[in-house]
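**Q** Model the full assembly from the supplied sequences, consistent with the hints where possible.
Residue numbers in the sequence shown follow the numbering used here, run continuously in steps of one, and reach 424 at the last position.
Read the hints as simulated data drawn from the structure, not as lab findings. Warning: the hint list may mix true and false statements.
With a straight-line Cα cutoff of 20 Å, these simulated DMTMM-like cross-link-like pairs (lysine to aspartate or glutamate) come out [claimed, not checked]:
{"no.": "1", "residue 1": "K135", "residue 2": "E163"}
{"no.": "2", "residue 1": "K134", "residue 2": "D232"}
{"no.": "3", "residue 1": "K173", "residue 2": "D209"}
{"no.": "4", "residue 1": "K49", "residue 2": "D69"}
{"no.": "5", "residue 1": "K231", "residue 2": "E265"}
{"no.": "6", "residue 1": "K110", "residue 2": "D69"}
{"no.": "7", "residue 1": "K173", "residue 2": "D212"}
{"no.": "8", "residue 1": "K153", "residue 2": "D292"}
{"no.": "9", "residue 1": "K397", "residue 2": "D362"}
{"no.": "10", "residue 1": "K206", "residue 2": "D245"}
{"no.": "11", "residue 1": "K100", "residue 2": "E166"}
{"no.": "12", "residue 1": "K200", "residue 2": "E216"}
{"no.": "13", "residue 1": "K397", "residue 2": "E409"}
If you're wondering where the values come from, they're calculated on a predicted model, not measured in any experiment.
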Amino acid sequence: MDRLLKSPWFVKVAAFLIALMMYTTVHINDQQANEDDQSLTDSGEQIFKNVSLDVEYDNNKYVLLGNPDTVGVRFQGSKSDIMRFGLQRTPRAYIDLTDKGAGQYDVPIKFENVPSGIDAIPRESTVNVTLHEKKTESFPVTVQLLGEDDLPKGYIAGTPQAEKEEIEITGAKEMIDEIAYVRVFVNVADEKETFTRQAKVQALNKSFDPVDIKIEPDTMNVTVPIENPSKDVPVTIEERGSLPDGYELKSITSSQEEVAIHAPEKVLEKLNSISLPVDLSNITEDETIDMDVPLPEGAFYASPGKLKVKIDVEKTEDETSTEPAENETVSSKTFNDLPIKVIGLDDNEEASFNSPNEGVMDVTVNGNEEDLNNLSEENITAFVDAKNLSEGQHDVKINVDVPERFTFESHLTEATLTISKRTA
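**A** Structure (structure tokens):
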């Protein structure tokens, strides 16, 4: 075999055979191409177009669904006819439903404005469409606000006003009958002033799912008032408790006489003033305290939110009244189990003592011996002030009143009581 491959005659014969095969292959391909060209020349030219599809039907009675806007069409004819057709003619494709009532139909596509000598061949010979009974109905329009919880603090959305209170919708009867609500949705998040915005109109069924129906126009303008309601009210100071013995209140004033309360109108209507509760029980010198402005229920904030309260006190020790005369003998007298009264309760409230258990205390009174002999329990009052206390348990200061020229001592200075609604 190796000797054969090395032979010059063998190599020449093999080369000739390979060349002959290549020539035959090329000749066959050229002949096939010529045959294809001849076939196209025999059948003529062709062009493809997308043509608008018209539908002829009684649109006063029916709504058409399912029809395509265009159809793909192959136009075939001689080269010269096709050239003229492409330059001069605009063909029309249509389907005819003028004699049809409500229902589903498979309709053939027809053509107009196509010259003789040219064939119009649609990609699909028919289209499937449905005629629905037509219905028109008016619906009230409701504006639905979104994002109200994301309005800036103190701002509220007022009643929105849509461009139209009702809208007329035309469509297939089955879809019109499915409509339960017509809504316009407007997002008010982060808004600080009244605005007007174009919003989309949506038809919804009873389950609040969208109904796939064409609405014209499908948008309308909606105006939404954005308000920041407030009211200037006077500031009053509510004194709680009493100054320690030997001190007198000279003045108590707030840094501002009025504050602005930001709240909904229904809260502001009932609001006449703001009260600052100031506890005097531990005040023994002039003080200025910072206080948060208390907000009524439902209010957003106050402006300003803090006030300074200035308290001026004076020491009132009267040596002539507390020191015994030269001929007076200083003595003391203890009153045991003195009842502690509760004052300041509303008519529908009652209080019970947690500590001391029985609501009684021991008080030692100091003074002239002769005067003490004439002093009885009726001349001494121990009490706690429950004014403005809410329901529940509270620790309150015990106040003791004794007649002038006497002083008192007691190891018990505070009581714990529970406030509750009075049962009928």
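**Q** What hints, given by number in increasing order, does this structure fail?
**A** 1, 2, 10 and 11
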